[in-house]
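K.L.:
Whole structure, please, built from the sequences with the hints as guidance.
Protein chains in written order, with the working numbering: chain A, 1 to 220; chain B, 1 to 220.
The hints are simulated quantities; they were obtained by calculation from the structure and are not laboratory data.
Backbone N, C-alpha and C define an ideal beta-carbon position, used for all residues, glycine too.
Be aware that one or more of the hints could be misleading.
To be verified - Coverage of chain A stretches by chain B, computed from C-beta distances (three or more under 8 Å per stretch; other residues unrestricted):
1) 60 to 68
2) 112 to 120
3) 143 to 154
4) 162 to 169
Below, each chain spelled out in residue letters.
Number of protein chains: 2
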Amino acid sequence: MEVKVVQNILKANDSVARVNRARFDAAGVLAVNFIGSPGSGKTTVLEQTVRTLGPLHRLGCIEGDPYTTRDAERIGHLGVPVVQINTRGGCHLEAAMITQAADDLDLTGMEILLIENVGNLLCPSQYDLGEHFSVVVLSVTEGADKPEKYPVAFQRAGAVIINKTDLLHATDVNLDEVTATIRRFNPDAPVFPLSARTGEGVAPWCSWLAGRVKQSAGSC
Amino acid sequence: MEVKVVQNILKANDSVARVNRARFDAAGVLAVNFIGSPGSGKTTVLEQTVRTLGPLHRLGCIEGDPYTTRDAERIGHLGVPVVQINTRGGCHLEAAMITQAADDLDLTGMEILLIENVGNLLCPSQYDLGEHFSVVVLSVTEGADKPEKYPVAFQRAGAVIINKTDLLHATDVNLDEVTATIRRFNPDAPVFPLSARTGEGVAPWCSWLAGRVKQSAGSC
Numbered sequence: 001m002e003v004k005v006v007q008n009i010l011k012a013n014d015s016v017a018r019v020n021r022a023r024f025d026a027a028g029v030l031a032v033n034f035i036g037s038p039g040s041g042k043t044t045v046l047e048q049t050v051r052t053l054g055p056l057h058r059l060g061c062i063e064g065d066p067y068t069t070r071d072a073e074r075i076g077h078l079g080v081p082v083v084q085i086n087t088r089g090g091c092h093l094e095a096a097m098i099t100q101a102a103d104d105l106d107l108t109g110m111e112i113l114l115i116e117n118v119g120n121l122l123c124p125s126q127y128d129l130g131e132h133f134s135v136v137v138l139s140v141t142e143g144a145d146k147p148e149k150y151p152v153a154f155q156r157a158g159a160v161i162i163n164k165t166d167l168l169h170a171t172d173v174n175l176d177e178v179t180a181t182i183r184r185f186n187p188d189a190p191v192f193p194l195s196a197r198t199g200e201g202v203a204p205w206c207s208w209l210a211g212r213v214k215q216s217a218g219s220c
Numbered sequence: 001m002e003v004k005v006v007q008n009i010l011k012a013n014d015s016v017a018r019v020n021r022a023r024f025d026a027a028g029v030l031a032v033n034f035i036g037s038p039g040s041g042k043t044t045v046l047e048q049t050v051r052t053l054g055p056l057h058r059l060g061c062i063e064g065d066p067y068t069t070r071d072a073e074r075i076g077h078l079g080v081p082v083v084q085i086n087t088r089g090g091c092h093l094e095a096a097m098i099t100q101a102a103d104d105l106d107l108t109g110m111e112i113l114l115i116e117n118v119g120n121l122l123c124p125s126q127y128d129l130g131e132h133f134s135v136v137v138l139s140v141t142e143g144a145d146k147p148e149k150y151p152v153a154f155q156r157a158g159a160v161i162i163n164k165t166d167l168l169h170a171t172d173v174n175l176d177e178v179t180a181t182i183r184r185f186n187p188d189a190p191v192f193p194l195s196a197r198t199g200e201g202v203a204p205w206c207s208w209l210a211g212r213v214k215q216s217a218g219s220c
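P.N.:
Spelled out as structure tokens, the structure:
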């Protein structure tokens, strides 16, 4: 019974997600879903992304969090239109929440919609939001074994960011080893080691993302 | 419909949890449920706890993880009886899983049962496992705002461990500030800043836990 209900919920979610994606395609918006543990640095990655790409592209943002509007305020301060979704304890965003949030954003002329999911490496990877791809943000302080323990998020990712490389020296983590583990679950996704705090490594990630905007505008 | 089903599941889980707790009480076992984000250091905290309390008390362990038996192997190497639960992607442990795992452990003479939940600050705090209290493990690298964003886990905790204090100097986090935020959501739970990697601060945490064993044997 439980499984049946969950499957129905996922099926309904997928239908709404398809509608969302068609809407983003029609508006020429590239939608990206950022997934990661609490404190992996998703919001700081988004801040750096906005600082780098903001002057070049029209951006929008949807911020998901169980509680507080803190992250939306951080992104809003950078002059980007942002909508906060509070899940009131809910462990993931769902497609219908994105439909509603998108109603509150002007998609006209928008090129990239950055969606920050709830801090959780498990449940969010089950729910298609209508994004074009997801990006997993993993921090080096979480340890090297996370791709093995939470494989689904990594398998489905369009790119993986390894954040907090400025703390690498203080951990036992080997960057090559983590990258190799990620590639074992996802050989195709580009992997971007970076420090969202210092800005080191942010440029290659942003260049890659900007390249996807053009592809999206051309082919989606 | 969805909410109704979820409520039924939680209600059924609570019934099983009560049976688990009665079983632990009858056996004189103190059961503790460790909750935290992926990479907060739960397993390393358990390793240090086992090293410190193992020579003094009879311990057992249940390790929850979406995939891999890595954590159970780490604890098993320390000579403690351990059972691994793989949730196959599931985002939390449930009481029925603990019932089954407890069948595979000899509770006779056991004084503390350490249960490591799946790495997730949200879903595990909804599911009573039959533990006597939960302990939230938060690492300083996750940032100071986590208690506000994930309040339920903190509100329900019997103790909070602030882990990875050896990395404090490399972060923007102020320990007093995090402690004050935790206390705002839970004024009663003791807060233990420690580094499970270096061992600093582990002693006060273990003394407190050992003190609970006696209380448990006397009053539960």
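K.L.:
Compare the structure with each hint and give your call.
P.N.:
So, going through the hints one by one against the coordinates:
1. 60 to 68: holds (count 4)
2. 112 to 120: holds (count 3)
3. 143 to 154: It holds, with 8 qualifying residues against the three required.
4. 162 to 169: Three-residue rule met by the region 162 to 169 of chain A, so holds; n is 3.
When the structure is compared with the earlier hints, no violation turns up for any of them.
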